[in-house]
Each structure stands twice: as structure tokens, then as C-alpha cells.
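Number of protein chains: 2
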Amino acid sequence: MARSYLDIKADIAAPATAPGRAALAVVRLSGPGAIALCSPCFSGRRALSALPGYSLAQGFFVDPASGERIDQVVVSVFRTPHSFTGEDSVEFSCHGSPAVVLRVLSVLESQGFVPALPGEFSFRAFVNGKADLVQAEAINELSGAFCETARQDALARLSGLLSSRLAAIRTNCLDLLAGIEARLDYPEDEGPEDEGAVRAGLLEMESSLVELSEGYAGSRLRREGALVVLAGRPNAGKSSLFNILVREERAIVSPEPGTTRDWIEAWMELGGYALRLVDTAGLRAADGGIEAEGVRRSLGLAEIADILVYLVDGRQKLSAVDDDFLAPRAGVLKVWNKIDDPACSPVPPEWIGLSSKTGAGIQSLKKVFLSRLGSGLPDTAARREAQVGLAGERQKLLVDRALDSVRKALSSLELAATLDVLALEMREAASFLGEITGEILGDEVLERIFGSFCLGK
Amino acid sequence: MARSYLDIKADIAAPATAPGRAALAVVRLSGPGAIALCSPCFSGRRALSALPGYSLAQGFFVDPASGERIDQVVVSVFRTPHSFTGEDSVEFSCHGSPAVVLRVLSVLESQGFVPALPGEFSFRAFVNGKADLVQAEAINELSGAFCETARQDALARLSGLLSSRLAAIRTNCLDLLAGIEARLDYPEDEGPEDEGAVRAGLLEMESSLVELSEGYAGSRLRREGALVVLAGRPNAGKSSLFNILVREERAIVSPEPGTTRDWIEAWMELGGYALRLVDTAGLRAADGGIEAEGVRRSLGLAEIADILVYLVDGRQKLSAVDDDFLAPRAGVLKVWNKIDDPACSPVPPEWIGLSSKTGAGIQSLKKVFLSRLGSGLPDTAARREAQVGLAGERQKLLVDRALDSVRKALSSLELAATLDVLALEMREAASFLGEITGEILGDEVLERIFGSFCLGK
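Chains A and B are the protein sequences, given in the same order. According to the working numbering, the first sequence is numbered sequentially starting from 74. According to the working numbering, the second sequence is numbered sequentially starting from 74.
The hints are simulated quantities; they were obtained by calculation from the structure and are not laboratory data. Worth double-checking, as some hints may not be accurate.
To be verified - If we take Cβ atoms under 7 Å as the criterion, some of the chain B residues that face chain A in the derived model are:
id : residue
1  : Arg76
2  : Thr90
3  : Leu97
4  : Val99
5  : Ser149
6  : Arg152
7  : Ala218
8  : Glu221
9  : Leu228
10 : Trp424
11 : Leu492
Said to hold, decoys possible - Here are the in silico distance ranges between beta carbons for each label pair:
id : chain 1 : residue 1 : chain 2 : residue 2 : range
12 : B       : Gly432    : A       : Glu182    : 23 to 31 Å
13 : B       : Ser179    : A       : Leu497    : 47 to 55 Å
14 : B       : Arg76     : A       : Lys390    : 52 to 60 Å
15 : A       : Ala123    : B       : Lys440    : 42 to 50 Å
16 : B       : Ser286    : A       : Pro137    : 34 to 42 Å
17 : B       : Lys440    : A       : Pro137    : 40 to 48 Å
If you're wondering where the values come from, they're calculated on a predicted model, not measured in any experiment. Where is the CB? At the ideal position from N, CA and C, for every residue including glycine.
In isolation and in its complexed conformation, chain A is listed as follows:
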């Protein structure tokens, strides 16, 4: 039978560091009995159960059944409520060997620990009021952050910046609602000045929610990175441009394991943003009629690109192939390549001149990339805070629903609907906002959210 996140009496254990050979690996434990249960597994100068919170001890991790020493470890003890989960917690810092971690976990299971579910530590932090749902999601995000913008935003959300923005909107909503409900109870107190205040309050809510909703696209780019697709006819110089960009900027490891594809791609970081740069090899052979499947897929990639770059060889006239590609597509970033060659025609307006041979024009191209992506890495804390937006489709969906309710309330006000209709719509808005930070949430929804987290988190 599958365990439930709601089984918060269970003492849980999981590896907390990435698998693989390394100097150290950390195994994390939490639960009401965590310290007592793992105490027999530690042999040091002092008993583990006697260690105060926020202290470390060096010793051996042993199998209490046989007395066998499994590894030399450093143990960290955290006592409730001063821990990540809010419960008694223990971390064993072991040698980073798969065999060690496996044995440690198996001994802990014999002691009564159960393997933690993904995100179960964060779930307990949430349940024990150490983090709201937006912050718990930010913890998981932070572990997956593979570029600077993602790290910055996740940390800002973890610090509660988004939560407090949402709380302010919700408080505003609940205050207005309280006023309306008072008027429902005591209709004789009603006055025209109240309606004006409600409208002003709703308009303020609307504008805050619109800001969050519209900022989501940029927020997504900052978190997930941007897809930059290089397209063009054969020999336009796509591969040379690809190589220059990859060489100049810091290469980053792909957030997903690679798979065989019909194109060449690399992840790089530019101004803090992760860029997935794709050289659509498939398009190269488009006019040859071969690799039809590859061409189809590459064109598909061009459609979903955050930035679509189209290169031409500036020594040649624009051809029908170029026109066919450019005509139906808005917002293509057009690059006039080979400006180093005397045979190159002058760069037409709206095109960016470039030499993928000498590198001339590359800096301008990068500036255009960054201006398309957004403001990039802010230089002050205040700007960073202003930029903190929504993370993930769940948050976006709920903000849009709240916005929808607020707009319904505004039009009810316009149409002079009854106060109880208005109250209903505002209660809905408050409820959607409460769901984002987890104030109001069903158990099933919670389990689904935390189930998508990584293990040991």
C-alpha cells in the first residue's frame, strides 16, 4: 500500500544529495521519533540522543543489530521546532559512495524509518508552518535552478516576496468583503461612498493581478530558460554562429538528460538567462528534399522558439525560400551574415549585420537577445524584488481565476447587482488567492503538488 503524505507520524529517511561518486553524501531523517530511532546507529564520544540542536558530532554509523561499522560520519542534529521540517531531524554526512548510502538507508529502515516520498520533507515544513506553499515550491525550484535568473527568483520567492505580494492582495480582498458583509447584515448603513471604495479596491486588485499574470511569461523564461532557434538556408552560416555563441558564453549542463535529436543544441548562460541554442540542422537540407522528417521537426521547433533567428548569406540576393520562411512569421530576428566579405551587400534596414567568421556584430546580437528576454539580472535588491513573479502553471492558473472573479465583481458593481452576488465573487477571488499559498487546499491537491518534488527535499 502506498504511503500517504498525511502520515506525519512516520519517521522518514532519504538521500539528500545527488547520486554518484563524491567526497560526501548526506542522508536526511525527520519525524517525531527520528532522534531516538537513529541514536543506536551512531557511535561517537557522545550519544546522539544527548546532542543539543544545531550541533555536530563525529563518529561511526553502525548497524545496531551486528555492531558492524558502516561508515565514518559527521552527524547534524536539529531539534523541533528549529529544523527545516519543524520536527526532530538528523543528517548523516557520509562518504559519497553508492554502497555506503545504500547500507545506511537499509540499516535505518530496520530501525523503523520509512523511505521518504518525493518532497515529503518540504510537505512537513509546510504542514508545520515553516513555509507556505509558494515557499515550498520555491525550495524545490531552487534545487533545480540551473541559471542565475532561476536561482534569484526562486530565492526571492523562498524569502517570501511573492507570498507577501499575494497576501497583500488577498487581505485587500478580505477587507473589502468584510465591509460588504457588514452592509449585508446592516443594510441601513449603506452609502454611495462605500461603492466607490469597493470599486477602487477592486481596480487595485485587478491591476496587481494583471501585473502578476502578464509577468508570468518573463518569469517562465527566467526559470526555464529560453529556446533560441537558428534557421536559414544551407551555408547561411548558422553553424558558425552557433559555435561562436557556445564558445563565448558559459556552457551549462542541460536541465534534462539529452536525447537523440535531429538538430544540434547546447545550453549556455547569457546575462543570467539559460539559453537553449538550437542549430536546426534539419532545415539545412530542406530544399534538397531529403530528411523530410527532420525538416518537419525543425520547423516545429521554430514555431515554439522564444527567439527565432533567421540568417542569410549577405552576398546573395534574398530568395523565394527566404521570403517563404519570413513572410508568415512575425518577430523573427533577421541576421545579415558574412559582412566581412567585400562581396557582401549593404545591411538592409531591420536586419542585423554580422560576420560569423570574424565575430563582428556578435555583441549587438547578444544585446538584442537580452532586450527580447526582459530586463535580465537586476543590479539592486529593490529591482530584484520588483521582478519576482509567479512560478509554475499552478500559480498562474489560480491568479488568472482570481483575476476573472475580480473582473466579474467589477461588472456586477457596474450592473448594480445585489451585494450578495458581489460578495460571492469576492469570496471566490479570495479563495483562489488562498489556494496559491496553500491557506485553503485539499489533501489530494497537496499530495499532487509535493509528489512532483525531488527526493530528499
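Assemble chain B onto chain A, guided by the hints.
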């Protein structure tokens, strides 16, 4: 200019956990100024520099230049000499994101830390007398251990079991040497009983060294795993056997990243041993004349196998192909497959009957594997200790050299050579033994040894 391990005044920093997305990642610092240098990077309730050794604190890792918060962290402080390296040391437990680790390391570099060389933390532990060379090598081994036998042996060596065995032999040698040198200084005291004592002492040394040297092969299997190669004609049932074994035993992750090969292989754990099981796909097509390169490589693999298994289809007569393979090879484990089939001939003597269809005979085959590998996982601490042998070619080479010197000394004694010849040979033996644990060792040798360790270790 490359840094040197001998630059022990430098404050060093390195990631200590495996790269990749995870709940936690640890960044490790050590050096005489480590605590002071990183103190401005920590913002918590108490200043980092005020924390006592073996204590933890929760807070933010910040960039002191801009005040920007990089991550929420837990910091561990260790004060000299009570740390792994013996120096002041700090560990930041961050969120397991590549972007976080990168920024933390880059901020630390601005503070004056230098990136640690591979094994540099262990080198400092060695220099500061926290571990001898055999123990330092065991720490590195333990991080790489991917099976139970490897973990057990490495931990025993880390606990000093091998070091004390070697120290006992060396002390014995130095005691005998002291006696001989006294006789060189005062020849008048010589008596025939002294020669007997020296011979007895040398014989005891010889037998201890032979035990270590001969145990090395088993020790290597326990550490590195055993190569088990399945060979046979097409349709002998190699792939079915391969699949049964891989399915029944615990799969383990390869200690080296995989590369494209001409055969199918999988790592599994059997009785604590890591087995690299290879189905020589190449041999299958041997008689077809195709895949000649694959066949050549597969045959090469068969030559270096720790256990070579040869399967035949028991329903068919042994063919010339079988005889050609078996005749020149001693110690092949011969398996008579398909005993489930009524058409199968009786299992001949020296063959193991098996059905890779029903699984009959698999348990017997596994027992034979284990008996070939050695005693496997000992059930008591005493047996575990008795089994601790040499780790690595360096240790083996030096033990063999010491053994060689002891044998020369024995034959000098036999040939009634002068005492100073005997003394020279025994000094040599003592010196080789001292080199193993690092008592006597040049800087270059040390740098080479620690340079092979993993980073953050």
C-alpha cells in the same frame, strides 16, 4: 601557474557532493584563514566567526560585495585541530542546484579562497597527522565504493587495520635492525643465538608479507569487482542466463561512465561483490565470419575475465568450435544448458547443469561464482579484520619490494654475508614499508598520489 599541494597556507574551497539536481549540495572550505575569510558571506542570527567548533547555524549565504543573498544555507563550523583536515574548516549546506553552487564558489573565490586540487583536503589531513597515507587512500576508496565488499575493506583500512598490520611488520624489522646495528658497533657481543633470532624474525616478516601480497588478488576483486564473461556458440542460451542473473540480483550503477561497446554488460551485486557481467554478443557471430572486430574484442575480454563461463546447448553434441574454445583455456566454468528439455543429454562430469529457461541450477552457479571469488562477506568483525588486505597497485608494489628485500636478507644470512650487507637489506625493507603508510615519502610522490583523488575529498 599550477598550484602545489605543498602550498598549505592557501585557503581552499570545493564542492564536496556529486553534481546534479538534488535537495542539498555541500561546499567545503579549509585553511588557516577559512573561518575569517568566509565569515562575511554568512548572514545569520550569530556571526559565523563567533560559532564554536562542531556547531551549526542557519542563515543566508550572501555576496559581501553587493549584499545579494545567494542561497539559504546551513553552515557547519570545525575548528583546528578538530576537523577532517586538522585545520579550521567550514561546510555550507546549500540547495542542490548547479547555479547555487557556482555562485557560492565564485563569491568564495572573490573572498580569497582558491579552488581545491583533487584530494587536497585529504592531503592536508595527511600532512596534519589526521590520517596516514593508507588511511587517506582508504577515504578516497570509500567515496568510490560501489559494492559492499569495497565499502567494508575501505572502512577497515580507514579505521587503521591495514596500517597497524604494516606498522607491526615494520616495527619488527626495525627492532631486528637495531640489534644488528648494535652488533656492528660492538662485535665482541655477538653470539650464535642472535643469528637464530634474526632468522626467525625475518621468516615471520616474510610470511606476513607473503600473506598480504597473495591476498592482493582477492582484495582487488573485493574493491574493483569481478569480470564475469559469458561465452558460447550462438543459441547456447547466454542472453537468457545474462537476463536471469541481472534480474535476480541487485543492479548497481557502473563505477565508470558507459561507452559504446561490442557486447552487452550490466553491473550487479552478488554476495557483496560487484560483478560486471558480460554477454559477449560478438562471439555469437564468430562462426558466421562477420563482426570480426567484435569477435576479436570479445575474445580479448574472455582472456582477462575473472570468471569465464562457457555455455553449451545440452541437446547438441560438443562441437569442434566448443573444443577449440575450451582446450587452451584452464579454469573455464562449464555450463550444460537447457536441462529442462527432454532432448537434453545427461550433464557430463565437471559441467554444471542449468536451465536458463526455468532457472534450475542458477543457485548452484551463483555458489560456484562466490567460491571462486573468495570468502565474500564475513559474518563477524574478527573475520572482517583478518580479511583486510592491500588497496591499489602502489601498496602491492611496495609490499613486493619489501618482501624481496627480506628474502635477500634471508639468503645473506644463509650465505653468512657480513652484518652490514644484512643491515642494508633490512633498512631497505623498512623503508619500503614506511613508504606505504607515508612515513617516508618524497613530495612529488605525494602530489601524484593525492592528484588521483576525487575533488572535494
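> Quick check: which numbered hints come out false for this structure?
Replying inline: Numbers 1, 6, 10, 11 and 17 - these are the hints that the structure violates, sorted from lowest upward.
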